Amino acid sequence: KAGVTQTPRYLIKTRGQQVTLSCSPISGHRSVSWYQQTPGQGLQFLFEYFSETQRNKGNFPGRFSGRQFSNSRSEMNVSTLELGDSALYLCASSLTGLGEKLFFGSGTQLSVL
Amino acid sequence: AQSVAQPEDQVNVAEGNPLTVKCTYSVSGNPYLFWYVQYPNRGLQFLLKYITGDNLVKGSYGFEAEFNKSQTSFHLKKPSALVSDSALYFCAVRDKNNFNKFYFGSGTKLNVKP
Chain A
1 KAGVTQTPRY LIKTRGQQVT LSCSPISGHR SVSWYQQTPG QGLQFLFEYF
51 SETQRNKGNF PGRFSGRQFS NSRSEMNVST LELGDSALYL CASSLTGLGE
101 KLFFGSGTQL SVL
Chain B
1 AQSVAQPEDQ VNVAEGNPLT VKCTYSVSGN PYLFWYVQYP NRGLQFLLKY
51 ITGDNLVKGS YGFEAEFNKS QTSFHLKKPS ALVSDSALYF CAVRDKNNFN
101 KFYFGSGTKL NVKP
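Protein sequence lines, in the order shown, are assigned to chains A and B. Mapped onto my numbering, the consecutive letters of the first sequence carry residue numbers 1 to 113. Mapped onto my numbering, the consecutive letters of the second sequence carry residue numbers 1 to 114.
Next up, chain B with everything else stripped away, as it sits in the complex (with noise of 0.2 Å):
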């Protein structure tokens, strides 16, 4: 089974928009979540992490994501996209209960036109 499922290849958003991107997963107990970015030809930074606490994290250059464990959910989102925005997002969970394991999701790809 899939641990972490992005269920979009694309998503398409105008500049200014809110946007969202998905995130579930499919670990046990309370694993550490995470949202990382890659640019063209380059590799990937991270974004934001979700371990404890408040469920709505707030990430680098605007993005944040809220956590939904009835869900098992982990939605980047923002308020207003930019155009620079446009790459492709990994959803990425640490499981503790596995060896710490990591597993990525199959990404994202984001296209924000002006």
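Here chain A stands alone, though its shape is the one from the complex (with noise of 0.2 Å):
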């Protein structure tokens, strides 16, 4: 089975910018979520998409959004970058999120110049 699939690895913008990245979960999991890795912050969770709903959002500014699509692929838009925005951005999938355990990908490594 192959894992979970984040494209592209690695995406550098300039500020005022936007960007989308994407995510496809392992086959037959629906619900898809999202990190911001930093070394300052950690990993703060971002939203959680289940069959094409948005069913979970962390504390961020509606610069960031996402949307689930009927084959659960997954992708994550975030406009008007800043500085701030630099991050590796993880994804998740699972089959239904709750309890199980998440499997991640490699992430998307978005540097803001």
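Hint data in this document are derived by calculation from the structure and do not stem from the laboratory. A couple of the hints might just be wrong.
[To be verified] Under the rule of at most 20 Å between Cα atoms (straight-line distance), these lysine-lysine pairs were calculated in the PhoX-like manner:
no.: 1; chain 1: A; residue 1: K101; chain 2: B; residue 2: K77
no.: 2; chain 1: A; residue 1: K57; chain 2: B; residue 2: K96
no.: 3; chain 1: B; residue 1: K113; chain 2: B; residue 2: K58
no.: 4; chain 1: A; residue 1: K101; chain 2: B; residue 2: K58
On a predicted model such as this, the values are computed, not experimentally measured, just so you know.
Combine the two chains into a complex, taking the hints into account.
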């Protein structure tokens, strides 16, 4: 079984631009969640999708948004990029997301210049 | 208030010695508790979880964790550390009383010296 795939692996953007990150979960997994990892803040939960609906949301500004498609693939969008958005963005999937272990992708390293 | 706390940024231990990585949580009820490990330039990997039942949970690579409800702790342990255990360890909590939100600790860097 293929693992969680995140694309692209690396991304360089400038302030004010927008960016879209993609995540393909493990086949059969319907829950996809997103996390921001930075050296200073650790791992912070962004949001979770299940069956195309946002089920949970962390404490991030509205510039951060996401969606999930009918095949469970998910995208995350960040608009009006700021320098502080530079981070490793991780996606994780699980069957239903409730009490199960998460399977993580390798992440997308976003650098905002 | 921080939902998950890992009080140590770094833990140093000699190979062959026992190791403990600490985690405390502050969510109500009986949350789901997890430990994940992250090796350099890779995503997180699941180690173990506590849902209910026996307070001592055994996981991958010889790791185990002890759930203590009165102290709201879920410390990760291993009887004999290996150099290959050197990595970043994250404790995580799934809050069943708050829309099943996931909270991760800030991470603890484990250094195992030969």
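query: Okay, which hints does this one fail, numbers in order?
result: Of the numbered hints given earlier, the structure breaks just one, which is hint 3.
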